[in-house]
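Visitor: Okay, here's what each chain looks like letter by letter:
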Amino acid sequence: NAGVTQTPKFQVLKTGQSMTLQCAQDMNHEYMSWYRQDPGMGLRLIHYSVGAGITDQGEVPNGYNVSRSTTEDFPLRLLSAAPSQTSVYFCASSTGTSYTFGSGTRLTVV
Amino acid sequence: GIQVEQSPPDLILQEGANSTLRCNFSDSVNNLQWFHQNPWGQLINLFYIPSGTKQNGRLSATTVATERYSLLYISSSQTTDSGVYFCAVPYYGNNRLAFGKGNQVVVIP
Chain V
6 NAGVTQTPKF QVLKTGQSMT LQCAQDMNHE YMSWYRQDPG MGLRLIHYSV
56 GAGITDQGEV PNGYNVSRST TEDFPLRLLS AAPSQTSVYF CASSTGTSYT
106 FGSGTRLTVV
Chain L
470 GIQVEQSPPD LILQEGANST LRCNFSDSVN NLQWFHQNPW GQLINLFYIP
520 SGTKQNGRLS ATTVATERYS LLYISSSQTT DSGVYFCAVP YYGNNRLAFG
570 KGNQVVVIP
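In order, the protein sequence lines correspond to chains V and L. Per our numbering, the first sequence starts with residue 6, numbered consecutively. Per our numbering, the second sequence starts with residue 470, numbered consecutively.
If you're looking for bench data, these hints aren't it; they were derived computationally from the structure. Treat the hints loosely; a few may be bogus.
Here are the computed distance ranges between Cβ atoms for each label pair [what the hints assert, rightly or not]:
no.	chain 1	residue 1	chain 2	residue 2	range
1	L	V575	V	R111	18 to 26 Å
2	L	N493	V	A57	20 to 28 Å
3	V	F15	L	T522	38 to 46 Å
4	L	T549	V	A87	32 to 40 Å
Here the structure is a predicted model, which is why all the values come from computation and not from measurement. Note that beta-carbon positions come from the ideal geometry of N, C-alpha and C, so glycine has one too.
Only chain V is shown next, with the shape it has when bound in the complex (with noise of 0.2 Å):
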């Protein structure tokens, strides 16, 4: 049972790349999200999933493209990297009531 798997841990993007970072969950979580966390900000929600084919834009969506096409698997893509997007990227899944979070990616745009 691995939980919430994302990949990479570690991503180096120049400005203008574009890339997707995967989140994989096994515990049959309908509930998805992706936060970001900036120092002294929190984290902050950038999309979420309820369900397989239905998604939402959080509090900083801008940037940020997602699909749910199947239960398991929720990606994040960059559709052109900012330096402003440099970040450690969160993905989430949750019964509702409880979450388990992936153990990140740490994304440098230059």
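Fit chain L to the given chain V structure using the hints.
Guide: Structure of chain L alone, referenced to chain V:
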């Protein structure tokens, strides 16, 4: 949007000491979460506590929803308690969480 404020922002404890962390929120909520982020960055869900008091080992949490605050108690602190403690509350339904900026706790031996 809903505001979540945590205090104190930083806390240094001697091993064995007790402490209380506070979370204030600006609007009525129907539940609240506490998380711990260890020094290696891993986030663990400590409590789901819409109201009342819950205990988990040396940690306990109390939420007084009518007064819009929650408290996290750490008793007999250990070095493994070091890290950042976040509280989070839902907004616009239960599918979005707003996090506070966290309480940075350092427990020294």
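Visitor: All hints, please: hold or fail.
Guide: Here's how the hints hold up against the structure:
1. Between L:V575 and V:R111 the CB atoms are about 22 Å apart, so this pair conforms to the stated range of 18 to 26 Å.
2. Distance hint check for L:N493 and V:A57: the Cβ-Cβ separation is about 37 Å, which falls outside the suggested range of 20 to 28 Å.
3. For V:F15 and L:T522, the Cβ-Cβ distance of about 40 Å falls inside the hinted range of 38 to 46 Å, so the restraint holds.
4. A hinted range of 32 to 40 Å holds for the C-beta pair L:T549 and V:A87, which are about 38 Å apart.
Hint violations for this structure: number 2 only, all remaining hints satisfied.
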